[in-house]
Structures are given as structure tokens and as C-alpha cells.
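There are 6 protein chains.
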Amino acid sequence: MNTLSVFFIFSLLASLSIALEHDFCVGDLSLPRGPEGYACKDPATVTTDDFVYTGFRGERTTSNIFANNVTLAFADAFPAFNGLGISMARLDFGLGGVIPLHSHRTSEVILIVKGTIIAGFIDSNNIAYYKRLEVGDIMVFPQAMLHFQVNVGETPATAFVSLNGANPGLQLTTLSLFAGNLPGDIAEKITLLSHKEVTRLKRIFGTA
Amino acid sequence: MNTLSVFFIFSLLASLSIALEHDFCVGDLSLPRGPEGYACKDPATVTTDDFVYTGFRGERTTSNIFANNVTLAFADAFPAFNGLGISMARLDFGLGGVIPLHSHRTSEVILIVKGTIIAGFIDSNNIAYYKRLEVGDIMVFPQAMLHFQVNVGETPATAFVSLNGANPGLQLTTLSLFAGNLPGDIAEKITLLSHKEVTRLKRIFGTA
Amino acid sequence: MNTLSVFFIFSLLASLSIALEHDFCVGDLSLPRGPEGYACKDPATVTTDDFVYTGFRGERTTSNIFANNVTLAFADAFPAFNGLGISMARLDFGLGGVIPLHSHRTSEVILIVKGTIIAGFIDSNNIAYYKRLEVGDIMVFPQAMLHFQVNVGETPATAFVSLNGANPGLQLTTLSLFAGNLPGDIAEKITLLSHKEVTRLKRIFGTA
Amino acid sequence: MNTLSVFFIFSLLASLSIALEHDFCVGDLSLPRGPEGYACKDPATVTTDDFVYTGFRGERTTSNIFANNVTLAFADAFPAFNGLGISMARLDFGLGGVIPLHSHRTSEVILIVKGTIIAGFIDSNNIAYYKRLEVGDIMVFPQAMLHFQVNVGETPATAFVSLNGANPGLQLTTLSLFAGNLPGDIAEKITLLSHKEVTRLKRIFGTA
Amino acid sequence: MNTLSVFFIFSLLASLSIALEHDFCVGDLSLPRGPEGYACKDPATVTTDDFVYTGFRGERTTSNIFANNVTLAFADAFPAFNGLGISMARLDFGLGGVIPLHSHRTSEVILIVKGTIIAGFIDSNNIAYYKRLEVGDIMVFPQAMLHFQVNVGETPATAFVSLNGANPGLQLTTLSLFAGNLPGDIAEKITLLSHKEVTRLKRIFGTA
Amino acid sequence: MNTLSVFFIFSLLASLSIALEHDFCVGDLSLPRGPEGYACKDPATVTTDDFVYTGFRGERTTSNIFANNVTLAFADAFPAFNGLGISMARLDFGLGGVIPLHSHRTSEVILIVKGTIIAGFIDSNNIAYYKRLEVGDIMVFPQAMLHFQVNVGETPATAFVSLNGANPGLQLTTLSLFAGNLPGDIAEKITLLSHKEVTRLKRIFGTA
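Residue numbers (full-length UniProt numbering), protein chains in the order written: chain A, 1 to 208; chain B, 1 to 208; chain C, 1 to 208; chain D, 1 to 208; chain E, 1 to 208; chain F, 1 to 208.
The set of hints was computed from the structure by calculation and includes no laboratory data. For clarity, every value in this text was computed on a predicted model and none was experimentally measured. Some clues are possibly wrong.
Heads up, incomplete: computed chain A residues facing chain E, CB under 7 Å, no partners named [claimed, not checked]:
id	residue
1	Val52
2	Ile65
3	Gly85
4	Tyr129
5	Gly136
6	Ser162
Here a beta-carbon is modelled for each residue, glycine too, at the ideal position from N, C-alpha and C.
Bound-form chain A, shown alone (with noise of 0.2 Å):
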């Protein structure tokens, strides 16, 4: 290999380098954004380390309402994710604890790693799937369908769960109607629930 063929191959890398910066855009927050997500930070000051996320490291506490604990890596977490079309999030459930029911902008699979939950969703039809999972099992929720897991063992559980954007989105339902600031009439009406449900809910988010 001579001095002349290596400056040969070096100009060959030369002309291949233009467009090398646009194979991810790592989410630049603190640009505006568009519809499909954030600017990309500088590819020159990209390192390793934002390709790495984690926070879903060691142990999380369950004693929400719920009895869960929710650590969401979409793109505002994990900006790798930015333009890539994909995000995971984990969920840790206490005894009895529940994913409430709720839905996202994409589809979504779930892979229990510790414990035992009911998993499902209901399709257009108000048809429920549903159904125990154990350690290991996956199981799809596609696009837009409400969904919900329930720890049914006698341990906590983990799982995690992998969509097909990098910010799904995430409307759980009874927060959308009690914990916001829709009014308790309209959500009488929009639900058939009763007039004093709709209070007792919005007095647990404390918008009664």
C-alpha cells in the first residue's frame, strides 16, 4: 500500500462524508420544533452517551394511587429517540397495582420481566382482549386502542413496553375527564356517569 493509494482512499472517504451526519438527529430541545419532532443537535457534538439511556436503572417505589410507578424514555427523556419512530417506557407495578386505562398515538408490545399481569384492550367493537401474562410473554396493543395491565400476582411487577414513536403520547382516561379542567357537566353527559361520580372522581384529582 503506497503513500498515493492512500491518499486516494482518503479522497474517496472525503466524497462519501457529505451526507454522514443525517443518519439520526439527536432531539435538540432547546430549538423549536416541528410536527415530526425536534431540530437535531450538531452531529459534531454527539457522543456515544446519547445514544445511551439509563434511567430505567435499579429500583422504583409504587405507592401512587395507582400502585404503579411510570418512567417514560419517549423523546423528551431519551432525544436519541427524535426522528427514529420508536420509544419504550417502564412500568413497575406494587401488589395490586394497575396501569390505568389509557391509550397512545401508535401501537405498543409489552414484555413482563418480573411478576404476573392481566394485560388487554378493547377494539371498536368493544370487544375486550385480554389476558395473564407471565414472565417473558409479550403482548400487542395496536394503534390507538385503550389498554390497561393489572398486577394479578402476589409480587410486584415490571414490565416495559415498546412503541412505534418517539413520542407516542399517553391520555389516560379518567384523568382526561377528572383531573383537567374539563367541566364535571360535560363529563356527565360525554360518559353517563352520574352526577355524583363525576364529583366523587374530580374530588380524588381535587378539581371537584
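Fit chains B, C, D, E and F to the supplied structure of chain A, relying on the hints for placement.
Coordinates of chains B, C, D, E and F only, in the frame set by chain A:
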């Protein structure tokens, strides 16, 4: 224009016509469908009537429990939409009529053509965006977000919605929970609703 | 419900709210836009009014050369459509009014709300699909196909169209050829129109 | 490398081969097609020849009314393109030859390999972008925009176009209006062309 | 709630159920597939079991030449993924076990559930991003980039990967070059590998 | 045509021009880019020259180690491609010249314009599809599959490739492994290549 030239024009037409049947894909509901919709009806049998839907004509009664009447023109009812990524529905409201809380896989825009309604959606942050709409107004409901419409005028109301999917789905929250096969004890856990309220609602839908 | 539980609920809310501003992307027209649309307005400043467009209200005059009046609610005029892949337009027709031959990047569905029109499109095989539409009828025009509408009733007519793109474009064939900077000699060659006719049309549009 | 290891390698190969027939989807034109293209030919019968198209070889005559010759390699003619979102065409121009005004569902790039042409497109604002192109030059025509090519050199010319769709469609404006079944009176109204000119053009195409 | 109301509710349900079978498209592997995946299994025969995959349960042996074991849950193995744009795989590593250099059509995220591995990918600029990952860590590999995993811990390791495609493909570089029908002399030219090394590797895979 | 009518025509033009700058998005490389490409250059400054690329003109030297010369017209070099999902490259081969094994994020079609080459790709099943191509032949390489070209004729050769992405990426297998920062011991493990061969190749690229 001599005969020879005309001949060549028709040669051109012939050679150009190879791809022409692919401009549309009117659904053939009798064939197996795939992830992106129905197989296409033989283009040789497609006529103008395939592209026109007259099922929105005329008056509607609104005597169900929600005092509404929904006419869906999704790809099942109007197969010309198949593969084109668009669909419509007509919504009629009696006095006090309601389209209860629901979501779709797609985004939606509503157009009011008669009466006065309050329409709104709730985002993932539990913020409800709702407003009184008059004839001619349009409002957009972003993809997969829970939304609703309530007739708040002193007359019946009519609206049309367009959705950017041929089969956008329609998942009604209350019916998902209480009109199908989801067990009441699961419904309680994943919503925080009381046992009594769940039982009352399941009775309404004959599933208690 | 004790204080501690409420605390945990709000912890939950807090941890879940990370991704929430991504449910929509109301366009900020003052920022540079990208291939998929405008950058998003700061979600903290978005209100219900952003999601409602009232520009379709009221009557229209139809005194131009085509006896029509077109009100576009594309993302430029109604920035809430930005990123959601949907848009609308209102079409008003005087007696004999016409929406001349045109096309979009997207598919379109038309809904007749007043009067009687003939609407149609032409496919790549030069087959025209056209039909007389009455109030309540809808017709679909597949993506990128040339289409048109003609008021054939004895009254003015009004229709609304929905398109599955936030900025679907609107290319009017006659104006493309004669109302801009395309030289007349090129226009002749690429259409087979006569020099005389091209000159006549360019005069109508002040470009001869 | 002992026998056992080889066994395990082939076990690996076997277990990995499950998804392998999905790398491509050579169209089987005898089966019903769906919105996204043809069903796939059985991968076991696919050979290298399926991926190569030789129909662009050789010389072309350009004796039709436009003095052109168009060879389309869309998915119908070259089924290997099916599902891959790309296609090509060869354009030959006689002296003064023209590819008349037309559009596609997709974007297109043209490459000049012989002669000198003027190519151009017109945007929604009626601005024509056109330029003289020499051998080796490329020009892009954005999705769905009307465009054209004219041989302005002193020799025949040849160009190749690539489009980012397997079946991008080809809608020739003049032929859409005059070579099919669109009634002349509608053609007049939707173009502002005179009755006389419309009749002249329909006669050229034998439809008057 | 009187009988009449219940009647109307069920009328509503009936009229709304038209589009319901389209929420998912469990693949029917016996039908011809199209570019976007398999045709859908008849929804009337779909049960909860279709949405759950138990093939990841249990222990794995890792005795092949790479000391790995790969269990793919792509749409072929788990047809519920069909059309939903997501899939998974389980990776088991013996001591020193390796998932050799490979790529997919999609992006991928890996989750470590046991052991310690080094995972990495190489971008178009030949920059390798690689890091030691512990239990609970995730790393993303952007679409189509070459990537790999190596067990560097003192115990076996297990990881799960999710990919945003139902049939993301799996192309192993070394096997592509040496385990199939690619002639050795071509392999040499397109890699710069020596004749001797190519022959050695083809012998390992029994293709020399 | 009186003055008033002309006024109305231009009113029409004005009202229709709202969306017009969105027909294209010529990349502004000085602004931050997003996942879908560069932000758009101000349409008011766009001219015909933006849509034409002349960098493929002229002769090429092919004196590098692969006896090739690659001219990429990706969005970086030809910003008009930005957002349009298409791009091109010119490939020149000296005698025995080679485009070594590589892949892209997209599909590709190659057109031979001079000489005789063998082109081929390898699928996930390790099946190589390769063939001798003559002038005028095209061959398609499906998305993300490894592929290559070798000049097997007695003259230099030239080809053009089109890809259905504005920034399709270009990952050269040998350079990925040996021309960057991937440690040699990892390269060995993930390829089965010998220590000696890895060292030899790293020396060629100056990274040993």
C-alpha cells in the same frame, strides 16, 4: 392532421395506458383485506357511481340514548375511500344530543352545518379545549385525542366530520368499558369508578 | 383519600406530563418551516381559539371570471392543521359558476351543502368520472388527479372540501399556463393549443 | 471447525431465515392488487432476472404527434419495483420533440443523456421554472407539479427519469381534456378555452 | 332505562360496528402477502391468544459458533404484529457470545435484562458508537446502520430488542458474504479481503 | 374582457396564492435541520437554478483504491431534493473498478450508461442476486440490502443511481469496519475475520 399522425397518437395512448388503472383502488369487500385496506375492485368495472356516496341525504331521527344519529362513510360503507386515506361521517343531534367521548386513529375536522354545539378535545396533559361552534365553523381534533360534541342550541344540529384515514376507527369510551365483555371488576380497577357506578352502567348496556 | 395519596397522584401527573406538548403542533408562521410544515407554536400559548376557524362563516360574492369564491383553510390560514395532515376549503358558486380544472398533492372529498353541481375527475387513462350531485352528496377525487366542479343548478351553490394534507396545494391548469411567466411559445408546444388561442388566454390574464 | 459447530451455524441460519422472503415483493400481476401495490410473487420462484429490466435498450422512433417516445418502467412493466417506492422511464425526443404538460403523484428527477432540452415545471403560484439542460444535468420536478420537456437542440435527445413511487401515474393535460370522454362543453367551462379550439383539439384525438 | 332506549342503544351499536374489524390485521400466512404485509385473518376468528406471544419464555442454549441464540418475534412468528409496524426479538449470549455485525430496514432499541454487554453501531462516517451496558440500560440503533452486541460480562447475558417494523429484516454481514451463493472472487473485490481469508470463511460456512 | 373582470381574476389569484410557497422546500443548509431534512430556503429567493444540478457533467478520474469515482447528489449537495424523497449519484468505474459492498436506508435503481458491469445485492437469506448489465439496463436494489457493482468490461464504465430518499445514507461495509474508530478486537469478534486480516485492512486505512 393526417391518418399516420393519428395512428401515432393512439400508439402513444396505448403505451402510456399501462399504469392507468392504479389511480384509485375502490375496495372489493369480498376479497381478503390487508393492513392498508381492501383489495381493489377490477378497474374495468368501476363507474362514476363508485366515487359518489348519497347516504348522507335526507333527515335523521335522533331517538337513541344519546339523542344522536351517526352515519359513517368509512371505507366499508363507501369503498371509493379505500387506499385514499380520507373518510367522512354525518352527525345529527336532537335537542341536548351528544356524541359521547371517543377517539380515532386519525385526526378529524368538524364542520357545523345546522345549530350550535360545543365541541372539544382533551390533550395528554388533561387540558380540555372546548368551544361553542356556530354554522360554518370548523374545529380540528388531533390524532387519537379524546373528543366530544354536545348540542347546546335550541334546535337540532347537524355536523359533518372528515378524517384523514379510510378506516379511522371509532372507539367510544363508555361503550368500550360497559357495552362489551370487559369484566366489571377490571373496569373498576382501571378507571377508579365505584362498583355501584360500574354496575349501573353495565345495566344500561345489558351487560351486568 | 388522604393527603399522601393525592400527593402521589400529582407525582404521577407530573411524571406523565413530559411528552404532553406534542399532541399537536399549531404552526408558528414566523419561524422557518421544514419539509413537513411549520415549526410549532409554544404549547404554553396555545388556546382553544387556535383549534377553531371561523373564516367559513357568512355569505360570499362570486363575481370573478369563474363566478366562484374559494376560501382556503389550509395550514397557512388555519395553523392548527399544521402537522395533522388534514385541511378544508369552502367553494361558492354563482349561477353557472365553476371551479376550473385543477389538482392537489392529496386526495379530496367534496360535500354539497347548497345547490346542484356537476363534479368530476379525469384519471390517467383520460376517463372522466363526473356526476350531478345534490345536497348531502359526497364525491372523492383521488390524489393528484385533475378535477373540477360546475354549478348546473338554478341557484347559487356551496360546497366544502376536505383534503388529507395540511398544505395540499392548488394548481389551476389554465392559470398555470396563462397567468404566470410561462412563455407562450412553450405553452403552445406542450399543449397543442394554437398560437391564437394561447395569445387570447394570456390576454385575459394580462400576460400576453 | 468441527461438525457440531457447523451444525449450530446452520441451526442459526435456519432460525434466522424466518423473515427472509420479505426483503422484496416482486409483483404478481395475476393476483388482486391492494392500495399499496400488487401481491408478491412467491419468493421461491424469484430469480435475478426479476430485478433487471432490459426494456430501455436500443434505439427509439419518435414519429408520433409530439415527436417523442416514452418507455415506462413502472411496476406494471417491471414488477420488481412493486412495493419499493421507485420507478423509471426513458424519454426519447425527435427534432423539436416534446413531452407535453403532465403530472405524477410523486416527485421526479430527470437526467439528460443525449442532446439539449428545455425542462420546466410550474408551481401553484403559476411561476414557471424552466432551463436549458445539457448532457449530465439533472432537474427535479416536485410532487404533483405540472411539468414538461422540449428538445431545443439540433439533434434527437434522450433522457431518463426516476420517480419515487412504483406506480407514479402519468396524467397528460391535453389528453385528459381532449382524448377521452370529457364532454366538450365541460372542457370549455373548466379551462376558458373557446368552443372552436376545444373542437379542433377533440378532432385531433378523434373524440369530437 | 326503558326498553325503547335500550333498543336505540343497540341500534347505535349496530350502526357503529361497521368499521370495527379494522382495528388490527392479524396476518393470515396462508394467503398471498402484499408490500405492506400479510392479508388479515378473518376478525371473527381472532381471539386474545392471537395477540400474545409466549415464545420468549424459558432458558436458551447458546452453543453455536457465535455462542448466541436469537429468537425472532417478527410477523412471521407472531402474526399479530402484521400491519402494526412493530416487532421484537430475544437475544441470548453465552460467555463471550456475540450477535455479529448486522442491519435491519428499521430502527431498533435494545434492553439489557441480564448480564453486561458492549453494544454499538457504526454510522455512514465510519464512526463507531459503542458502550458497556448494564441491566436496565437501553440503546438505540438508527435505521439501517450496522450494529452488534458482545457479551463482555462474566455470566451469560440476555437482551430484548424492539424494532419499528413488523418484518424489519435481519442481514448478517459475514453470512451475507460467505454463507450463501456469492462467488468468492466477487466477495474479495467488493471487500478488499484476501483470497485466503475469503476461502477460510467460506469453508466455515461450507460454501468454499 | 373588461377591467372589472381582470380585477376579479387577480383577486382570485391573490386568494389562491396563500399556500403556494409550500410546493417545494429547497434546503437551507445554514439552519438547524429536523428529522425530515433541512428547513426551507425562503421561497422568494428560490430560482430555477435551485432545481438544476450540473455537478454530474464532464469526465471523472478513477484512481483510488477501488478504481472508482462517486459523485453524490444527495440533499447536501443538491438542496432542491430536500423534502422530496429522491436523490441521485453518478458512479464511474476504471478498468476493474468496483463500488464496494454497501447499503442505504432506501431502495435504489441503477442505470448503465457506459460499459458493462456486474451488479448485485444479497438478501436476508444470504442469496446473492447478481447479473451482467449492458448499456440501458436497470436493476433495483431493495431497501437496506447490501449491494455492489463491479466493472467487468474492457472499458471504463459509468452508471447513475436514483434513490427514494433525499439523504439515503451510504454505508460502505469495509470502511465501516476498518476505516474508522471501531477497535480491531471488536471487528474480529463480530465478523469472524482473523486478527491478521483485520490488522492488514486497518493498515490499508491507516487505523491499525
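Need the list of violated hint numbers for this structure, in ascending order. 2
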